[in-house]
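Peer 1: Residue strings, one per chain:
2 protein chains.
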Amino acid sequence: MGDPTKDPVALPELAAIRAAQARIAPHVHRTPVLTSRSLDAMAGARLWFKCENLQKVGAFKARGACNAVFGLPADIAARGVVTHSSGNHGAALAYAARARGIPAHVVMPEDAPKIKVANVEGFGAHVHFCAPTLPARVETCATVARTTGATLVHPYDDVAVIAGQGTAVLELLDEVPDLDIVVAPVGGGGLLAGTAIAAKGVRPDIVVLGAEPAGADDAARSLAAGTVQPMAHPHTIADGLRATLSERTLRALRLHVAAIGTCSEEAIVAAMRATWERMKLVIEPSSAVPLAAIIEGALDVRGRSVGIIVTGGNVDLDRLPWQR
Amino acid sequence: MGDPTKDPVALPELAAIRAAQARIAPHVHRTPVLTSRSLDAMAGARLWFKCENLQKVGAFKARGACNAVFGLPADIAARGVVTHSSGNHGAALAYAARARGIPAHVVMPEDAPKIKVANVEGFGAHVHFCAPTLPARVETCATVARTTGATLVHPYDDVAVIAGQGTAVLELLDEVPDLDIVVAPVGGGGLLAGTAIAAKGVRPDIVVLGAEPAGADDAARSLAAGTVQPMAHPHTIADGLRATLSERTLRALRLHVAAIGTCSEEAIVAAMRATWERMKLVIEPSSAVPLAAIIEGALDVRGRSVGIIVTGGNVDLDRLPWQR
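Residue numbers (numbering that gives the first Met the number 0), protein chains in the order written: chain A, 0 to 323; chain B, 0 to 323.
These aren't lab readings, by the way, just hints derived from the structure by calculation. Accuracy of the hints is not assured; some may be wrong.
As the list claims (entries may be wrong) - Label-pair distances were calculated between CB atoms; the ranges are:
hint	chain 1	residue 1	chain 2	residue 2	range
1	A	Gly100	B	Glu246	53 to 61 Å
2	B	Asp39	A	Thr132	36 to 44 Å
3	A	Asp110	B	Ser37	24 to 32 Å
4	B	Thr147	A	Ala257	47 to 55 Å
None of the values given here were measured: they were computed from a predicted structure. Backbone N, C-alpha and C define an ideal beta-carbon position, used for all residues, glycine too.
Turn these sequences into a full structure, and let the hints guide you.
Peer 2: Set out below in structure tokens:
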């Protein structure tokens with residue numbers, strides 16, 4: 000596969016995900032796996048929720064960021080890391096950099112939720128605001144990298160990040176070895192790629208599914224077309240899932256993901272609220288997307304044992320979607 | 000000690016709490032123990048949260064109710080159980096009765112939060128509404144017991160219920176054996192009594208503390224006076240803590256509890272919100288009282304390793320206290 004940092008479609012193998020698990024263990028929580036008979040009844044299936052909302056920085060992103068940061072050689076790491084992120088990856092990179100004692104630079108759109116900005120700044124990172132467009136983010140990020148010598152850690156188009164995200168499902172399968180199906184939400188595809196590689200590596204017979212908002216269904220369309228289908232204007236409350244697949248993450252999905260189901264905005268809010276009410280877990284809208292797709296019937300998991308990666312819990316408690 | 004059902008100050012011993020643990024194990028969750036560096040920093044201590052908000056029915060009350068219901072002889076159990084409750088104990092008794100396949104009758108005040116009424120009805124219990132006064136509840140409860148033959152299961156003035164509530168701290172000490180201190184909120188005192196008996200039984204050198212709202216400080220005053228100090232008009236958002244100690248629970252507190260700290264309403268709301276934001280846990284106001292008392296300085300735990308029983312997560316998501 001050559002140097003994975005050069006090959007634009009290189010992916011981690013199971014061994015790299017296992018190595019990531021050992022590398023990040025001192026810096027991340029082993030999150031609990033929780034169940035709810037109420038949600039089982041709504042889904043018509045047995046659901047096992049891997050609670051990455053209870054992870055460091057409130058999201059699975061701590062895994063990928065820690066693997067990327069702690070995998071850097073010391074001389075490169077010392078110059079710091081930089082990323083552009085709508086929030087959780089930025090906070091995660093800031094957390095990981097602080098844990099290693101190196102600088103972090105985070106480029107964020109001006110309209111990012113304030114709790115996410117506060118998270119990043121709370122970890123001591125330098126925040127660089129830019130216009131809320133992808134070109135602006137990329138350009139600002141490149142400028143910071145050039146002037147500081149920091150290493151870019153992309154939110155998902157990165158072999159080490161994908162390997163880190165794959166560690167959550169390893170823990171889940173360790174606790175619930177006989178899952179029939181595992182479902183993860185898909186935005187840029189880093190979590191779903193890592194989850195799929197890890198799950199199929201450990202359990203070749205498992206079915207890996209993705210879930211995304213109908214208003215940001217580029218992954219479903221890309222998987223159907225076989226090539227990345229860009230999406231100029233995603234429209235969804237699930238702000239963590241507005242990104243587009245890369246060639247790299249699409250390749251992993253084509254290799255290992257059986258289907259991607261979509262869901263309505265109404266279903267996302269209802270599934271989010273049901274999770275708060277029934278499971279007493281604060282989850283962000285993106286985290287509710289797999290349950291929403293199951294309840295709406297876009298993913299048929301009836302009667303099966305289903306693992307769901309609950310991706311994060313960073314929400315603005317002053318602006319809850321059922322109160323708008 | 001004689002027949003504990005007759006002796007008004009009988010208490011369970013550690014052996015009864017261990018027996019309760021085995022009896023209820025098939026019917027309750029072993030809840031996770033979670034930590035948060037952010038809340039540790041706010042408290043100046045190392046905090047271990049035993050998450051009973053993730054328990055069946057969303058509250059530790061499932062433990063006491065299951066122990067009471069499954070401890071009844073078959074012929075008595077068949078006639079059902081009845082209680083008066085502001086909510087969580089009612090739901091817990093309904094849950095336990097359904098698990099055993101017997102009728103449950105729950106007397107609730109007309110102004111109980113709708114999520115708690117829905118919980119109780121969702122478990123198939125018969126709800127009997129009454130005026131929101133203690134005499135009305137007691138009278139309605141007695142009438143139901145007389146007409147149906149159901150056994151009264153008091154929310155806290157009951158040996159089996161206290162034994163069940165004490166099982167949470169057994170699990171906590173199993174996972175974190177070297178705690179210096181354990182803190183539980185106190186309303187009627189069933190949880191704190193069971194927690195104190197269990198914790199001191201296992202670890203005689205542990206310090207057991209209580210916490211309650213300043214606006215419902217009957218337990219602190221009762222402990223100081225040595226006799227139950229009734230409180231006609233408790234005023235607090237922590238609706239689970241408005242009850243008054245019984246002779247029985249006061250006796251346990253006098254034997255085993257070192258101190259009870261109080262806290263302001265503002266501190267309760269702030270601690271509740273901090274727990275939602277930092278730990279991603281939906282907790283009800285009562286659950287935030289120990290953290291509030293610690294942060295306000297009423298309980299001095301600085302530099303120590305502190306277990307906190309997080310009592311429940313049943314809140315009305317349409318009426319959050321920071322939005323009123």
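Peer 1: Which numbered conditions among the earlier hints are violated in the structure presented, ordered from lowest to highest?
Peer 2: none
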